[in-house]
Structures are given as C-alpha cells and as structure tokens.
Amino acid sequence: MRKLLAALMLVLMLCSVAAADDDVIKIGVFNCLTGQNAFGGQLELEGTQLAHSLFPTILGKKVELVIVDNKSDKVEAANAVTRLIENDKVNAIIGTYGSSLAMAGGEVAEKAGIPVVGTSCTNPLVTLDKKFYFRACFIDPFQGAGAATYAFRNLGLKKAATLVDMSNDYSVGLGKFFRDSYKKMGGEIVASLLYQTGDTDFTAQLTSLIEADPDIVFLPAYFAEGAIVLKQAKELGAKFKFIGADAMDNPEIVTLGGDAVEGFMHTTFAYDPSMPEMNDTAKAFTEAWNKVHPDKAPNVNCALGYDCYIMLKDAIERAGSTDPAKIRDALETIKDLPTVTGMTTINATHDAEKDMGIVEIRDGKKTFIGIVKPEV
Amino acid sequence: MRRARNLLLTIISAALFALFLDKAPELLNGYWQRILNLIAINAILALSLNLIYGMTGMFSLGHAGFMAIGAYVSALLILTPAQKNAMWILEDIYPWLLHVNTPFIISIIIAGLVAAFFGWLIALPVLRLGGDYLGIATLGFAEIIRILITNTPRLTNGSLGLKGIPAHTTLFMSWGCLAIVLLCMVCMLQSNFGGVMKAVRDDEVATKMMGINTFRVKVLAFTLGCFGGGLGGALMGNLITTIDPRMFMITQTYNILMIIVVGGLGSVTGSLIGSVLVTTMLEWLRFVENPITIGSINIPGIPGMRMVIFSLLLIVVIIFRREGIMGMREFSWDIFFPKRKAKPKESDSYSGPVLEVKNLCLKFGGLTAIEDLSFNINHGQIIGLIGPNGAGKTSAFNVISGFYKPTSGEIKFMGHQIGGLRPDQVCRAGIARTFQNIRLFGNESVIRNVMVGARIRQKYSWWMTLLPFIFTDVIREDSTVRARALEFLSQLGLEDVAHEKASSLPYGAQRRLEIARALATSPKFLLLDEPAAGMNPQESEELMKFIRRLRDEFDLTILLIEHDMKVVMNVCDYIQVLDQGVHIAQGTPEEIKANPRVVEAYLGKGAA
Numbered sequence: 000m001r002k003l004l005a006a007l008m009l010v011l012m013l014c015s016v017a018a019a020d021d022d023v024i025k026i027g028v029f030n031c032l033t034g035q036n037a038f039g040g041q042l043e044l045e046g047t048q049l050a051h052s053l054f055p056t057i058l059g060k061k062v063e064l065v066i067v068d069n070k071s072d073k074v075e076a077a078n079a080v081t082r083l084i085e086n087d088k089v090n091a092i093i094g095t096y097g098s099s100l101a102m103a104g105g106e107v108a109e110k111a112g113i114p115v116v117g118t119s120c121t122n123p124l125v126t127l128d129k130k131f132y133f134r135a136c137f138i139d140p141f142q143g144a145g146a147a148t149y150a151f152r153n154l155g156l157k158k159a160a161t162l163v164d165m166s167n168d169y170s171v172g173l174g175k176f177f178r179d180s181y182k183k184m185g186g187e188i189v190a191s192l193l194y195q196t197g198d199t200d201f202t203a204q205l206t207s208l209i210e211a212d213p214d215i216v217f218l219p220a221y222f223a224e225g226a227i228v229l230k231q232a233k234e235l236g237a238k239f240k241f242i243g244a245d246a247m248d249n250p251e252i253v254t255l256g257g258d259a260v261e262g263f264m265h266t267t268f269a270y271d272p273s274m275p276e277m278n279d280t281a282k283a284f285t286e287a288w289n290k291v292h293p294d295k296a297p298n299v300n301c302a303l304g305y306d307c308y309i310m311l312k313d314a315i316e317r318a319g320s321t322d323p324a325k326i327r328d329a330l331e332t333i334k335d336l337p338t339v340t341g342m343t344t345i346n347a348t349h350d351a352e353k354d355m356g357i358v359e360i361r362d363g364k365k366t367f368i369g370i371v372k373p374e375v
Numbered sequence: 000m001r002r003a004r005n006l007l008l009t010i011i012s013a014a015l016f017a018l019f020l021d022k023a024p025e026l027l028n029g030y031w032q033r034i035l036n037l038i039a040i041n042a043i044l045a046l047s048l049n050l051i052y053g054m055t056g057m058f059s060l061g062h063a064g065f066m067a068i069g070a071y072v073s074a075l076l077i078l079t080p081a082q083k084n085a086m087w088i089l090e091d092i093y094p095w096l097l098h099v100n101t102p103f104i105i106s107i108i109i110a111g112l113v114a115a116f117f118g119w120l121i122a123l124p125v126l127r128l129g130g131d132y133l134g135i136a137t138l139g140f141a142e143i144i145r146i147l148i149t150n151t152p153r154l155t156n157g158s159l160g161l162k163g164i165p166a167h168t169t170l171f172m173s174w175g176c177l178a179i180v181l182l183c184m185v186c187m188l189q190s191n192f193g194g195v196m197k198a199v200r201d202d203e204v205a206t207k208m209m210g211i212n213t214f215r216v217k218v219l220a221f222t223l224g225c226f227g228g229g230l231g232g233a234l235m236g237n238l239i240t241t242i243d244p245r246m247f248m249i250t251q252t253y254n255i256l257m258i259i260v261v262g263g264l265g266s267v268t269g270s271l272i273g274s275v276l277v278t279t280m281l282e283w284l285r286f287v288e289n290p291i292t293i294g295s296i297n298i299p300g301i302p303g304m305r306m307v308i309f310s311l312l313l314i315v316v317i318i319f320r321r322e323g324i325m326g327m328r329e330f331s332w333d334i335f336f337p338k339r340k341a342k343p344k345e346s347d348s349y350s351g352p353v354l355e356v357k358n359l360c361l362k363f364g365g366l367t368a369i370e371d372l373s374f375n376i377n378h379g380q381i382i383g384l385i386g387p388n389g390a391g392k393t394s395a396f397n398v399i400s401g402f403y404k405p406t407s408g409e410i411k412f413m414g415h416q417i418g419g420l421r422p423d424q425v426c427r428a429g430i431a432r433t434f435q436n437i438r439l440f441g442n443e444s445v446i447r448n449v450m451v452g453a454r455i456r457q458k459y460s461w462w463m464t465l466l467p468f469i470f471t472d473v474i475r476e477d478s479t480v481r482a483r484a485l486e487f488l489s490q491l492g493l494e495d496v497a498h499e500k501a502s503s504l505p506y507g508a509q510r511r512l513e514i515a516r517a518l519a520t521s522p523k524f525l526l527l528d529e530p531a532a533g534m535n536p537q538e539s540e541e542l543m544k545f546i547r548r549l550r551d552e553f554d555l556t557i558l559l560i561e562h563d564m565k566v567v568m569n570v571c572d573y574i575q576v577l578d579q580g581v582h583i584a585q586g587t588p589e590e591i592k593a594n595p596r597v598v599e600a601y602l603g604k605g606a607a
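In order, the protein sequence lines correspond to chains U and G.
Going by numbering that gives the first Met the number 0, the first residue of the first sequence is number 0, and it counts up by one from there.
Going by numbering that gives the first Met the number 0, the first residue of the second sequence is number 0, and it counts up by one from there.
Think of the hints as simulated: they come from the structure by calculation, not from any bench.
Note that the structure is a prediction, hence the values are computed from the model and not measured.
Heads up, a few of these hints could be off.
What the hints assert, rightly or not - Cut-off 25 Å, straight-line C-alpha distance, at most; resulting in silico cross-link-like pairs (BS3-like, lysine-lysine):
(1) U:Lys110 <-> G:Lys22
(2) G:Lys22 <-> U:Lys88
(3) U:Lys88 <-> U:Lys130
(4) G:Lys544 <-> G:Lys565
(5) G:Lys523 <-> G:Lys458
(6) U:Lys130 <-> U:Lys233
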C-alpha cells in the first residue's frame, strides 16, 4: 500500500514539472473556481479566457494564462497569489470575485510589486493604500449612490428602505452608502432591516417593511437570498418596488425567480446583452461569447473578466514592456479606455470610473433601461 | 543515558532546524516560506485542539470561534489609529479602541489570554455536558462569536473585516511559538498531570475515585487549548494580514479536526505530521487543476480536482489506519537505535556454580605460580583460600581478577569465560576485589574513593557533565551514588571520616574503606585479600560479622584470602588450600583442620 502511494506521488510530481519559456508574458488569474463564490468566479474566468483567445499575443509575445483556484477562502487566496508570483513568475495578475479574497491576495502582490487588476471586488478597502492593486469595477459607495440616485431622481420615489445582509461586507457597505446618498438628496429612509447569509425565511423583515410602507426597497443581496426575498415578498403581497445591485446580475434570474422577479431592478455595469446601443468592444465581446458559449448569455462578471485582460493589454502596450513596475505605472494612467462595460478611467484610488447601468426584468426578460450618473 | 541521548538529539535537530529557518529566505521562495508558516500555525492549532479532544477526550467543535477571538484581539491591538480611522467606514470605531496600540508579541499573548478567558467562561457551564452534546454546544458557541463580531461594527468593523495588519508572522515567529507550545505540551503530558488528563479521557469515573476533581482538570485543559486557538488565530491574522468574520466558519474547525484525525487523536507527533501533510498536500496538489500533458495525452485542468484527490487520500488513510497515522503513539529517537537486548539476569536464571576454575595454570617463565588448580564456588558461599606465603593465593586472585592471563586452563564466571579478560572487563562482569597491599586513592576524600567505585554502574556519559543543569541525570545519579556511598561507609563505621583524605586514615580503616569501595561497584562476587590483616581481635570479630552480613544483604559470593585462622574457620563455608602453587586440599573447616597434609604444610601441629 505504502509503496503504491509513493509511486503514485512520484508520478504526480513528475507530471507537475512544467517547461519554462522566457518569451512569453505570463498573466496569473486567481479566482474562486470552487467554494461558495464559484459561480461568479467561473464566469469571470470565462470572460478572461475569451479575451485571451481573441488577443493571444501582446507586444508580439505569446500570452500565457496561469489559472489558480482560491476556493473562496482567504488563506487559499493568499497562497494562490504567492504561488503565481513565486513559482510561476507572472508579470501581472487578474482577480478576484469577493473583496475579502482580493484583500488577502493584494497584500502579497503589494509586497512583491506585481500589479493586480481586480474583477468585481467592490469593497473600498481593497485598493486602500495599495500601489499595485487596481480594479475594473466601481466601488460600493459609487454603486449605492447610483441606486439611490436612480430611485430618487429618475423614478421620483421619496420613501425608501434597505434590507441588508449583515454578515456580508458588500451588502453592508452598499446599504450604508445608499442610505447616506438618499438622505442627502432629500429622501426619507423609513426602515433598515437586516438578515444573515444563509437565511431562508424573510417573512418577519418583509412584514415590517410592508408596515413601514416605503416606495422602494434597496436589496443589495447575493442571488441566493435575493431570489427568496423577492419570492416571499410577492407571496405576502408587498406593493413596493425592489432595486438591487450587481450581485443580483445573474443570467438565470428569470428562470429561477419566475414571475416573482418581474419588475425587479438592479444597478449594474453598463453592459448587458440586451443593451440597445453597444460600443464596439462590447459588440465584439458579445459576438465572440455567443460563438464560444452558444447556450448561455454573458453577464457583467464575464464582461469584467474580459475587461481586466483588456486593461492589462492596454497597459502593457503603452508601457512597451512586461516589467511589472512599468505595467503598474501604465495601469495608473488608463483614461477613457473602451471596454465592454463602457469607457474606463482609473482614478486616484485605483478604482474604475465608468457609467452605471440599470436593468429591469420586464416580461420575463432582462432589459437594459438606462445609464445613471451617481450623485456621491 | 537514553533520555540524555534523546534530549541531545532533540536539541541538535532543533538547532539545525533553527539554522534552516535562518537560511530559509535564501533557500526558499516566498511561496514555500508561506507554506512553512502555515504549517507552524496549523500545528499550533492542531496541538491545542488535540489537547482538548485527543488528550482529555472532550469533543469540541468551537476552535474557529477561539481563533476568531485571537485574530481580532491581536489585530485590534496592533493596528495604528490612522489605519483604524480609514477602515471603519460604516460606523465610527469606539474612541477608546482607536488609540489602543501594543507591540506584536504582547498582542498575541493577550490574544491567547482573551481566548482562554472566553474558553474558561464557556467551559464552566458546557463541560457539564459530555460527548456529542459538548460538540454541539461548542459549535454553537463558535457561531455566536462569529455573529457577535459581525454585529458589533463599532468594535470589529463588522462584516467589512480588517485589513493592513502588519505581516508580523515571520518564520521565526510562527515556529518559535510552535516550539514553545510544543515544549510546554510535551513537558505537561510527560508529567503525572498529563497522565491524569489521559486518565480522564479513558475513564472519568475511575479518575474521580483517585481523588481527582475531573471537572477542574477538564476546565483547565479546555482553557489551555483555547489559549492555543487564540494564539494560532492571531498568528494566522498576522500572516494573511486581513481578517473578516467569514474566515472563521465551521469549516475552519473541520480543517483542524482533519489534521488531528489524520495524524492520530491523542498524539502530539501525529498533530505535527498531520499539519505538514495536510498543508503541503493541499498546495502541492494544485497542479492537478492545471492542464497536464502526459506524453500525447492532454488532460484539461478541472477546478476543484485537488479537493477530490485530497479527499480520496484522506479516505485511504482512514480506511487503512483508522486511528490516524500515529494513533496514540509518539515519536521517539529510540526507533533509530536498535534495542539492546536486555541481558537476562544471570543471577536469577543461572543456577550453576558462580565461579568455576578448571585446570588453571599460571607460569612466569620457568616459575610455576599455580599448577592445575580446579575448584567450583556455589552461589552464596564464603570460601577461604589459605596456604603459606608464596603458595599462589594472591596469584590466583590476580588471574581471576584479570591482572594475569592464565597460561592454560579455564575460569568461568556465571557460566561465561572470563579468563584473559582485562581487569575492568572483569569488574563490569561483576567481580570486585581488595588488595593485600592497600591501594586507595590516597589524596582523595574517603567518600570520593567509594564514589569512583560506583562509576561503572552510572548511566550518564562524560559529555553530559559539561552541562549538568541540562542533563540533570548527572546531578541525580551522582546524588544517588553519594547517598549509597555514605551508606556503605556507615556500615563500615567510616561515616565520620567520610570527608577526610583517604591516606590519613589508620590502617584498619583503610582496609575497610577498600571493601566499601569494592562494594560500590555492585559486584556479585567479592575477592577479599587478607581483610583482617592489621586488625586487632575485636576488629576481626566485627569483620567476621560484617562479611557474613555482606553475603546476606548484598547477595554476594565471597572468596577470601586470610591468614587469621580464627576468621577463616569461623566465617568460611568451605576452604581451598594451596601450597607451592599446588592445590593440596579442600573441604569444610572441620575437614581442613583434620587434614594431615594441611596441618603439615600450613597450620602446624599446634593449630589442630
């Protein structure tokens, strides 16, 4: 038995030895491919891989993607980034879904001086005091304010409430920034209620909400809980509207939510396959995606994964070098770069400034209904 | 001896490992350094949970909670006010907390203590439960801790978590902490108190009947284990540099549990092996998720594959070794040293004559000192060897004790050939002697003379005497030997002069000292060369009693050369007579007295 095991290990070890090549650009991808965030991580990876297949060379050099899984776990995320930097000697890194994972990995990259472009890690702390961390997404305050702006200005709703996942940093942050911004514009917050990740019964919170009688409820939830909230709200006969955020952007929302999600809105990045006017990058992306994945529609995670690659490509080309420090400097000066999710500009805090889109489920279809400029 | 050797080996390997850690930044890349760090932290966590579960038998699932407490306490203590201000974006931090700031070391100690305090608090009510109930209660507690952290944003920044914790967990820090934890734990487990803990695990009722408050023992073990959990959590936080409540879910506890189950519940070594194995395997197996090319076959990478393989390996381990890799056993250096077969105790099993002399001849050139001497001595006998001057008595002694090599013939001691062995070998075999012309270490104190005799029965090696406070065997054995030496001296009436110079003693006392010194070698067979020489009648009287007592108390067999016929006839069970190197007679004292040849050659007509 022992000998068998030893032999097995030896074989495995021999297989793991990979050939090194100097004339390639290595881009590491660390994302959640397994674990609780695997759904988002997988989509982002597919977006990045799509971009790689369209632009396999940068500066005439072959680009190699090195993909590692962070298992949606902080310790693993730090390990994964260390492995990319130390073992695979990557020039730059893309990742990840989940802000806490990005923070764990970011610390390692910062120390090693390897630039990272975050996909959908929206917590402000991710890039705080970081020289080497950038992101293709906007941050929670921006999005919270965007939802508030759309509700107050565009829809003219004066009474709002929030229903927030207390154990989720993303949800808590968005909820706070929504309330702050809504109140600043002159709106009234009539209730702010809480739940925990994994809850399945929201009737207590929903009953309180029905009593408080808001015009709109901001629900910065992940899809698992969000879908149940919407379903139970319909069952209880709630009259108010719901607006969510980008975590609710899921291609399967209609199939899973049925008629309970009808009329549900959410903020998102300025991309949706249903957009009437797409920029050229978005068109190219959508076409290529439909060719590779004819059976599923792309969402913003795919788009962001794609955009990260485009941002790195732009930075490397402008830097004219694969030196990590030079790539970093070029990333810092990205301005009005056409990406799938609109024109991207990197601001002083390394966050992407771009337009925000609003999507509504109409007649069982995700419909892109407009672009909003958040009043932060 | 064995303990000291093992201690030395442990110290040497620890020093080598420290040297390795010192060189690690040059030898290993950051990735492997991180894994080394993780191994140490996982080992601390595993050891502390093993103390609770494996050693004391309390099934606890609360470790993640204690880790969370440790990680948060440490992080809150070392983050700077500026960092805290920047991070608490949802609600303001408590003002008192803002300016709390301590060095790293203090923060991890406080982290451990706070975790231990919470552990103690929960232990008091919960440890009244047992078995599965305890597991569920502690599991609940860990969840409560996590939810409390999530819901006290002013204290903990809630679900946003903390980041920018300085990466204080260096290799020396993590392994240093592990070394201390390991040392304390091994020492405690080896003490009798450690035995009590395991007794509680194996049979609590019986332990109670030993007069032990088992509840207190359990609370103590649980609290100590929680200290380790807090410490490990603090180190983990300082390694990852960012923490949030979701890091400390039940899966974290399962990870640690997995380590100790794979390594072996109740084995310190197992926990260490488990940490190394689980930590490295999880990372090392990453390659199975990459595309692999074996020859012409291309296997695309499948995310999650490594968990599948890892789980399969775990299942294999548990199927083939249900008790884990180590079970309850511990590592010992002894496995590298072939066990010396314990020599069968000859005095117990050996029933033949103690000493057999057969056809012994000793010749110096043309001079024949001993010719064809044969006799047997049985266990417990006192044998007299007599004869006129120059008869070869002392020569016989010298041959037996190894100073001369026999020209021919055999000498067997306890059935083993000793003819031709060196004197020191003969002594080790169990034969001691005194000398006709006294040979003491004249400049040394009386007691030192005796102690030298005991050296061959001591187990420590010379190099340990360089550091007696580390190799406490030296001090312990020496004090035992000193006490025994004093005992011998008092039996021989020499205790008052124990610290005098040996050469300053009167003649009779010197003789007795020689006997004491011979006895200190713990012999089975004693050769006394004219012990009564120079003694007055009263002293010889006492000597006779003493010789008999020696035989009875020390289970000795004694061969005695003596000219004092009163002594010989009264003490000896049997007598051998030599004359001119020739064995002329043997028999009981009565037979010898009546033997005409002896009378003619030695005793003289008057004596009979």
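Each hint, compared with the structure:
1. U:Lys110 <-> G:Lys22: holds, 20 Å
2. G:Lys22 <-> U:Lys88: Distance of about 22 Å is within 25 Å: holds.
3. U:Lys88 <-> U:Lys130: Judged against 25 Å, a Cα distance of about 19 Å means the pair holds.
4. G:Lys544 <-> G:Lys565: The given pair, whose Cα atoms are some 12 Å apart, holds under the 25 Å limit.
5. G:Lys523 <-> G:Lys458: Holds - the C-alpha atoms of G:Lys458 and G:Lys523 are around 19 Å apart, at most 25 Å.
6. U:Lys130 <-> U:Lys233: violated, 47 Å
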